[in-house]
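Just so you know, the protein sequences line up as chains R and B, in that order. Residue numbers for the first sequence follow this note's numbering, so the first one is 1 and each next one is one higher. Residue numbers for the second sequence follow this note's numbering, so the first one is 1001 and each next one is one higher.
Hints are computed from structural coordinates only; laboratory data are not their basis. Honestly, I wouldn't trust all of these hints.
[Said to hold, decoys possible] When the alpha-carbon atoms are kept at most 20 Å apart in a straight line, the in silico SDA-like pairs for lysine to any residue are as follows:
no., chain 1, residue 1, chain 2, residue 2
1, R, Lys68, B, Thr1066
2, B, Lys1078, R, Leu70
3, B, Lys1078, R, Asp26
4, B, Lys1328, B, Leu1351
5, R, Lys68, R, Leu86
6, R, Lys68, R, Gly25
7, R, Lys68, B, Ser1067
8, B, Lys1078, R, Arg65
9, B, Lys1078, R, Thr32
10, R, Lys68, B, Arg1077
11, B, Lys1328, B, Arg1353
12, B, Lys1078, R, Val64
13, B, Lys1078, R, Leu27
14, B, Lys1078, B, Ser1192
15, B, Lys1002, R, Glu174
16, B, Lys1078, R, Ala21
17, B, Lys1078, R, Gln23
18, R, Lys68, B, Pro1081
19, R, Lys68, R, Ala21
20, B, Lys1078, B, Lys1002
21, B, Lys1078, R, Val28
22, B, Lys1328, B, Thr1388
23, B, Lys1002, R, Thr170
24, B, Lys1317, B, Leu1351
25, B, Lys1328, B, Arg1372
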Amino acid sequence: MHPHSLRPWTEPGRDHDLVLAAQRGDLVALFTLLRVHRETLWRLCLALTLDQARAERLFHETLVRAAKSLRGVPSDAPVLHWLARLATHLAVAWSRHEGPRTPGEPTGAWPVADGEAPLFSHDPRLLATLERLPEQDRLLLVLAVVERLSYGEVARVTKRDAGEIVRRLTELRECLAGEVVA
Amino acid sequence: MKHLTSLQLCAFLDDALVGASDDQTARHLASCAMCRSRYEAWCHVDDSLRELLGQTPDEHAMEQRTSWVEIAVSAERKGLPAPEFGELRIPLPAAVAPAVPPERVLPMATPAASSATIQRPVPHGAGREFYPELPSVMAQPSTAHRMPAPTPMLETVPVGDPSATRTGKPAGQQGYARIPPRPRKGLGGVMSRRGTWLGLLLVVALAAGVRLGIERFGMPEIKFGRRPAHERDASGRKAVADGRTDREEQATPPRRSDRPGSASTSRTGAAAEEPDASILFDLPALEPEDGEPDPVAPAPSRLAPAADRDAGSASAKSTICGEVRNAKGTPIEGARVYLTSPARMVRTDRLGRFCLSCPSGKRTVRIESAGRAPVTRTLKVGSGRLETRFTLDPAN
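Chain R extracted, bound-state conformation (with noise of 0.2 Å):
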């Protein structure tokens, strides 16, 4: 059970509060606040990068300039969304600056799974599918997908219009199934 709040997309519990502890200086607050929401994050971070590595660094950097720039939270959002937002944000300009990940590049230690084989491996075709897309849009199969985001609420974390939403939703779905069923 998240020790924080039930619904942490949604419910901004007691976020409020430890941002403006941590906006006067207080770092419990500040490391509980990150601590809150670093499991959410780290699986925003894995979804914007696809490796274990980049995404480490991802998640690093996204706590440690959130850490910076707490004045900048919304006080009428979870700072879920804001992270969120900060991370895609990272990720996008090092996509831009690095480029996409080459198949020879070494990445970290995927995470195992019982220990097997890494979880990646097993689907080529749409780890393939998903690295062709851009980084707001596996945002968008992250948010309504794996975390069961509802459109409203997904509109409000991307800041995109909830039709626009469903309608690139429909079509990553469309091409995905295209490319795993053949």
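Please build the complex by placing chain B on the supplied structure of chain R, with the hints as guidance.
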């Protein structure tokens, strides 16, 4: 039969349909094999995505990553250079790690070997003592270890460097080396260097010395550029005259009244040391008016013996005054009037007049003015004031 649109299927998959729309879509999927197969394909994609991207992160790994963030944020808050992510996440080479166990004490080495480095594992949460404001939650050991033993971090340690111990412990005690801070950049880096402060101290001391010198000796006159020819001639002649005067003064035996400590000595010395205003400021020398005492001339000392007073009266100075005009009778201003012995020079004023004090006797006066032929005349100067007139003709 009308099939489901992609938007309807997507909305049904995401539970975005409610009420009658949801029921109709469910009934259509039950009856339409084509839409059902499409729906199943999309469900398979969603399941794969959840399996790929929705995995629960390992608790220990998350603890380690959070510790890196907390170390970086704490360093940032303390004003220290925040370690880069690459510095925190140092992979462990398998061939080097077993060589030095964590409990082993690094021996002291000779200075020649101090440049060598080894790598050794860093315990979890290393560096925490440098950031005492880290909350206690960071120090809590992770409880769930679903993965095998994590890869320990390595840090590079100069072998035998006693300053490398983390808490300043002497060699021979167990301790971990501190990762040296990166040099700061920008103004902070410049101000943190010792040489910058030494240079600033030197500049301040130099400025204080210059100020003290100015207060003690006054502001020196600084002239830029090349001076006019007549000023160079005047200063050169003045220097010659000063040399002669110095030699004459040295040849003259000191009088009794010139002994150190006497009031007359200080007064006379002050008068002798006082520079001539005409030399300093290129102005015509001030000559006393008729019946007015000469401020430059030393006052006669009442303590001087009679012989000295007689000698002083014998060498009483006279005054040569005159005016310089051109052939039309117009006064010439700024003409240079030279007295050969003793060597002196004054300039004529706006009315073309000048005055020179000199000892009585035959004196040679030379008048020079730009664009005019110089005139030299020998005058017999007696006691008192001698009035004369010079007329300068244009130079050929």
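Verification of the supplied hints:
no.	hint	in the structure
1	Lys68(R) x Thr1066(B)	16 Å, holds
2	Lys1078(B) x Leu70(R)	17 Å, holds
3	Lys1078(B) x Asp26(R)	13 Å, holds
4	Lys1328(B) x Leu1351(B)	14 Å, holds
5	Lys68(R) x Leu86(R)	12 Å, holds
6	Lys68(R) x Gly25(R)	11 Å, holds
7	Lys68(R) x Ser1067(B)	16 Å, holds
8	Lys1078(B) x Arg65(R)	16 Å, holds
9	Lys1078(B) x Thr32(R)	19 Å, holds
10	Lys68(R) x Arg1077(B)	9 Å, holds
11	Lys1328(B) x Arg1353(B)	16 Å, holds
12	Lys1078(B) x Val64(R)	14 Å, holds
13	Lys1078(B) x Leu27(R)	11 Å, holds
14	Lys1078(B) x Ser1192(B)	16 Å, holds
15	Lys1002(B) x Glu174(R)	19 Å, holds
16	Lys1078(B) x Ala21(R)	18 Å, holds
17	Lys1078(B) x Gln23(R)	15 Å, holds
18	Lys68(R) x Pro1081(B)	14 Å, holds
19	Lys68(R) x Ala21(R)	14 Å, holds
20	Lys1078(B) x Lys1002(B)	67 Å, violated
21	Lys1078(B) x Val28(R)	15 Å, holds
22	Lys1328(B) x Thr1388(B)	17 Å, holds
23	Lys1002(B) x Thr170(R)	19 Å, holds
24	Lys1317(B) x Leu1351(B)	25 Å, violated
25	Lys1328(B) x Arg1372(B)	13 Å, holds
Hints 20 and 24, counting from the list given before, are not met by this structure.
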